[in-house]
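Asks: Here are the chains, one letter per residue:
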Amino acid sequence: MNKIREIKNDLLNDSYFEIDHKSGFKIFVYPKENYSSAYAVFGTKYGSIDTCFRVEGNEEFTTVPEGIAHFLEHKLFESEELDAFARYAKTGASANAYTSFDKTCYLFQCSGNFEKSLEILLDFVSNPYFTEQTVQKEQGIIGQEIKMYQDEPGWESLFALLRAMYHNHPVRIDIAGTVESISHITAELLYECYETFYNPANMALAVVGNVTVEQVLEIADRMLKPKKSKKIERKFQIEPETVVEDTIVRNLAVSMPIFAIGYKEKITTPCRTLKETLESNILLDIIGGKTSNLYEEMLTDGLINTTFDIEYFEGFGYSAHIFNGESTEPEKVRERINKEIEKMKKQGIDKETFDRIKKKHYGGFIMNFNDIDSLANALIGGYFNGDGLYDQLEVLESITLHDINNRLNAINIENSSMSIIKQN
Amino acid sequence: MNPKSYCEIAKGVKLLCMNSDKFKTNFLSVDFYVPINEHFAALNVLSSLMGHTSKNYKTFSSFNAKIESLYGADFDTSIATAGEKVRFRFSVEMPDDRFSLDSNKISEDAVDFIINIISNPNCENKKIDEENTKREIKFTLENIEAEKNDKRAYALSRLRQLMCAGEPYGIDREKLEEDVKNLDSTKLYNAYKNLLETSTIIITACGSLSEDMLNAKFSAFVDTIDNRKTQTLENIYIEKADEIRYFTEEMDITQAKLVIGLRSGMTNAEDDYFAFRVMTDIFGGGPYSRLFLNVREKMSLCYYCGARLLRDKGIIFIQSGIEEENYQKALTEILNQLDIMKKGEFSDEDYNSSITALCDAFRGVGDSPASVCAFYNSQAFDKELVSGLEFAEKIRAVTREQVVECANRVTVDSVYLLKGEGKDNE
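Chains A and B, in that order, give the protein sequences.
The first sequence begins at 1 in the numbering used here and counts up by one.
The second sequence begins at 425 in the numbering used here and counts up by one.
Because the hints were derived from the structure by calculation, they are not lab data.
A quick note: this is a predicted structure, and the numbers were derived from the prediction, not measured.
Treat the hints with care, since some could be wrong.
Example chain B residues on the side facing chain A (calculated, C-beta under 7 Å, incomplete) [stated by the list, open to error]:
(1) N443
(2) K448
(3) K490
(4) E492
(5) K572
(6) N573
(7) Q679
(8) C726
For every residue, glycine included, the Cβ atom is placed at its ideal position computed from N, Cα and C.
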């Protein structure tokens, strides 16, 4: 039997349904009244960082080539007969997929033929078909994808920073791997990864928009076959608190040096809570956001331009507060940020600033509830992290100035790295 | 929500307000349209400047604090070209009033803020503030230079400049840089005045914003501008390319970028637009297109290879990222696919896939205030507004024969290759 629970939010006057499907899969349905499109995403908690693992009961850990989760994403679109794109072409849905550090998601959006498109999604993700020949063909295409990213300075700057900060954690490797690493991928390895990570306990389906629970369940009941859930054990080497390198420089064709500065967080548990994540987002806005003194001063002094940005970067076993942008003097930018952090630690954060930024984040939360694609992806991401979609509002309300000051005091400027991408 | 036309609230000022209670936010864009002219460089600087400070909010932090107080509203200024037209835009998206934590109306505050910003740049004595001018010129120059960081965009921009060198649309980036360097606070002020006095103003809103409120506030704003006389806005269409021009440039890059510019044969924005749209989509639209299936899937030459139609110019751009040594192979195959389109040798399946996908996409355009506004905004200069559903119907009415006819009007104008430095020619 399917177990259905409605989750409501009075402020938004919205609700969605969380379903424990009889097949073992978790399903979310978020009907949006008067919307003309529907968006569905079927995801697995399996990304580029899952390079060493075993299924409970097995003795040996398996180590796989870097970039295999992404490779698998590409290959899953193929089947013995028509590939998934050719099948979607008959329904008109716009389909895609993506692989991140910790998940792989397959998605489509449509305004008509929803049932047929959902059937295709659930079918091709549930039925892998790989041969050595099709694996080889994909190596050329993904090789070009890897090379495309190598020409993108922002992307290169982030990965250079991650390599400078992390000794062992696989977040330091490129999501798509390297041309060399993907040359070791075989059909057999793809099947092994598929069998490990594509099982009900590790997956979820989210559908948002012009849909009903009944519509989704009618197809899910038919398409999703019960499969044995597996307990996956991921193996990560111990990651020291310190960074690998203080500064890393790479040469690329850029108009002005691009930098990323990351403050590696000392963590004792692999995952950040929703509260910690929101606190960090607020804190970063206070330190270097568009209303901060630091931002105003660095702009006025010509140290940065308006591309300057902040990001709290976190996932299983890694987290860092990141500042990035363009500057002819990145070392000076870093000095200023360090000084500002130390100054704030001494003086504390003022209440007015905190209240204003908190109000902004409240508004940001509301603004997320229009887009069916961001809602569907947030449902999946939240589920893999153990959070509900509406939890953010309550957690945000509970955050105090004291919490933010504590979070600030935990930043250790010694454990930081900087990457610089500049013209040769 | 099925508007038929923008409403003219003053001469050269058009308003479209679409009410819907299904969204959590409201969106408003205010666009000033002028031809690409001698003020273009100044407008680039102004767009950045007016998005950062104003007379009432002289610092970045006070300006942004105001936006944060509007519940983190998403405020933006931008400048873009639509053919030979410049679109100078102010936009804001904010949470709806029902989410306000006090008695303030977020929407009205946001509308007042945007009008305040438009009306009051940081200026005195017919000059924009000197310090602001200097800083924003620097940002703009950095921004122009930064185009080369994004190699795909850079290659496309280079092709655009080379192919359209004789048309205002083919703005030369080096000349633009020079023009920006030669600007001063007076020139910026003059460009600002010229923008207010000569532009066609298009205001588009979606959500719960009241049409009466917008009408009243913007009419009052327009009343403050003396000597308003709008300029004619016309795009240049070049029907045919005489011969193919080839360009190769070098940069320190890993992957070569191939960009091809085609003249579709369109002579104005309405000229068989829907048929050209379908033709371009079968040729290089989605993953069902000829280019995707052959250049990428069959030949494994690239990760992306696609074509899109620029309605405002009647130009089709094809973009791909390839190994440099595969340049000839990729180019030959892309042109071969164009030939197949001309000969009508694409399959019924190709044709049906494209019609189905385009219709599906257009039926779903109404699901966010910003996308609703963008959809109608792109039609602001058309004779009548067409809804997503009507758009889909017009797409469905396009026949195979029309597609082949359109393909036969296409000529190849320019082929551009951006390749790695110091390597031999192909």
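Asks: Now tell me, hint by hint, if it's right for this structure.
Replies: Tested hints:
1. Here the hint on N443 of chain B is broken, as its CB sits about 12 Å from the closest CB of chain A, past 7 Å.
2. Hint on K448 of chain B holds. Least Cβ distance to chain A is approximately 5 Å, under the 7 Å limit.
3. A distance limit of 7 Å between C-beta atoms decides the matter here; for K490 of chain B the minimum to chain A is near 9 Å, and the interface restraint is violated.
4. Hint status for E492 of chain B: holds, given a least beta-carbon distance of 4 Å to chain A, under 7 Å.
5. Given the 7 Å rule on beta carbons, the hint for K572 of chain B holds: about 6 Å separates it from the nearest Cβ of chain A.
6. For N573 of chain B, the suggested interface contact is upheld, since its CB lies about 5 Å from the closest CB of chain A, less than 7 Å.
7. About 4 Å separates the beta-carbon of Q679 of chain B from the nearest beta-carbon of chain A, less than 7 Å, and the hint is met.
8. Taking 7 Å as the C-beta contact cut-off toward chain A, the hint placing C726 of chain B at the interface holds, the least distance being around 5 Å.
Checked against the numbered hints above, the structure breaks hints 1 and 3 and satisfies the rest.
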